[in-house]
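Keeping their order, the protein sequence lines are chains D and R.
Take 1 as the starting number for the first sequence in full-length UniProt numbering and just add one per residue.
Take 1 as the starting number for the second sequence in full-length UniProt numbering and just add one per residue.
Among the hints, a few may not be true.
To be verified - Here are the simulated DSS-like pairs of lysine-lysine, each with C-alpha atoms no more than 27 Å apart in a straight line: (1) LYS16(R) x LYS95(D); (2) LYS95(D) x LYS34(D); (3) LYS206(D) x LYS95(D); (4) LYS34(D) x LYS16(R); (5) LYS206(D) x LYS34(D).
Because the hints were derived from the structure by calculation, they are not lab data.
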Amino acid sequence: MSSMSNALTEAHVESLPTAGVSQGDVSDFFALLKPRVMFLVVFTALVGMVVSPSSVHPIVAFVSLLMIAVGGGASGCLNMWWDADIDAVMTRTRKRPIPAGKIEPGEALAFGVTLSAGSVIILGLVSNWLAAGLLAFTIFFYVVVYSMWLKRSTPQNIVIGGAAGALPPIVAQAAVTGHVAWDSVILFAIIFMWTPPHFWALALVKSGDYERAGIPMMPNVAGPDSTRFQILAYTILLAPLGLAPVVLGFGGLAYAIISLIGGFGMLALAVQVYRLREGEPAMRVAQQLFGFSILYLFLLFATLLVEHGFGFFRPVFG
Amino acid sequence: MARPNPPVRLTPEEQKRRRQRSMALALALGIFCILLFAVTLAKLGPGIMQRPL
Numbered sequence: 001m002s003s004m005s006n007a008l009t010e011a012h013v014e015s016l017p018t019a020g021v022s023q024g025d026v027s028d029f030f031a032l033l034k035p036r037v038m039f040l041v042v043f044t045a046l047v048g049m050v051v052s053p054s055s056v057h058p059i060v061a062f063v064s065l066l067m068i069a070v071g072g073g074a075s076g077c078l079n080m081w082w083d084a085d086i087d088a089v090m091t092r093t094r095k096r097p098i099p100a101g102k103i104e105p106g107e108a109l110a111f112g113v114t115l116s117a118g119s120v121i122i123l124g125l126v127s128n129w130l131a132a133g134l135l136a137f138t139i140f141f142y143v144v145v146y147s148m149w150l151k152r153s154t155p156q157n158i159v160i161g162g163a164a165g166a167l168p169p170i171v172a173q174a175a176v177t178g179h180v181a182w183d184s185v186i187l188f189a190i191i192f193m194w195t196p197p198h199f200w201a202l203a204l205v206k207s208g209d210y211e212r213a214g215i216p217m218m219p220n221v222a223g224p225d226s227t228r229f230q231i232l233a234y235t236i237l238l239a240p241l242g243l244a245p246v247v248l249g250f251g252g253l254a255y256a257i258i259s260l261i262g263g264f265g266m267l268a269l270a271v272q273v274y275r276l277r278e279g280e281p282a283m284r285v286a287q288q289l290f291g292f293s294i295l296y297l298f299l300l301f302a303t304l305l306v307e308h309g310f311g312f313f314r315p316v317f318g
Numbered sequence: 001m002a003r004p005n006p007p008v009r010l011t012p013e014e015q016k017r018r019r020q021r022s023m024a025l026a027l028a029l030g031i032f033c034i035l036l037f038a039v040t041l042a043k044l045g046p047g048i049m050q051r052p053l
């Protein structure tokens, strides 16, 4: 009996994690980079490159894009390192590698800092130091300004912090042209204006989660009704802004049609979110706005990509 | 004289994960070297051999 219990104890000790040894596998480290956010970064950066009036060697463009992606992933990793405590109490994030105990905070910090420094240096060497500086600023803004400062202190967190998510087209165009052009500034403005309705629609649905984690999201601080009004206000600004590429001449006929229809779709849903305030229908329409906002931004950028990348550009004016 | 620490014994699962991480790191470093070589060729082109010594 005693030998049997000893054997069981030994088997149990054998299966326990060894102190000081990393428990994460490759997929856990990849998850630290927030792959879905990284895809958005690559996608918007690629469009920033494609609409650019000048061009670079495809290999230089590819490596620049890769470094922007790695820099974006690194900032996501550092965000997860800093926010591990609040990630652990939110249902949406509690399975992330650090709160799940698969990766130690120190490992994530080292991983994020190494990738941040590496991506900035390589981008500077491969393209130019303006693009590298902008990438470094993006990482700094997301990690320090948004994650460490704004996120836990003001309901305007995602409004100001949204600038970090909107910068990739500017970084990418700077990598190609060596300067910051109006085209990329307009793309920045579209993503910047899109961020509040997108995240606040999610925050309306997940307000309990944010409340538990102590994050001052707009619905928890100003209330759901004020949030609904602000969603509508930002969408009223976003819909015409979506047409700005047409006016400036880098959005063609297909883009004009898509942004017009998409803009009306966003407006219609924002009005519904503003009107429906109680019960299941209110939650459902907020969820619909969240989902449609992703499709809207994707279609705007995908259309620009197809128009410029595959020679389908037909100017609306002239 | 201090007693030496006992050697760390990894579980089979930990050994497997460590091997996977090592392979991924090796692959990433390999790709990194290839990319740097390709960028060097792309940026310098035929002039790669024509530089003042």
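Hint check results:
| no. | hint | in the structure |
| --- | --- | --- |
| 1 | LYS16(R) x LYS95(D) | 22 Å, holds |
| 2 | LYS95(D) x LYS34(D) | 13 Å, holds |
| 3 | LYS206(D) x LYS95(D) | 16 Å, holds |
| 4 | LYS34(D) x LYS16(R) | 24 Å, holds |
| 5 | LYS206(D) x LYS34(D) | 20 Å, holds |
Of the numbered hints given earlier, the model fails none.
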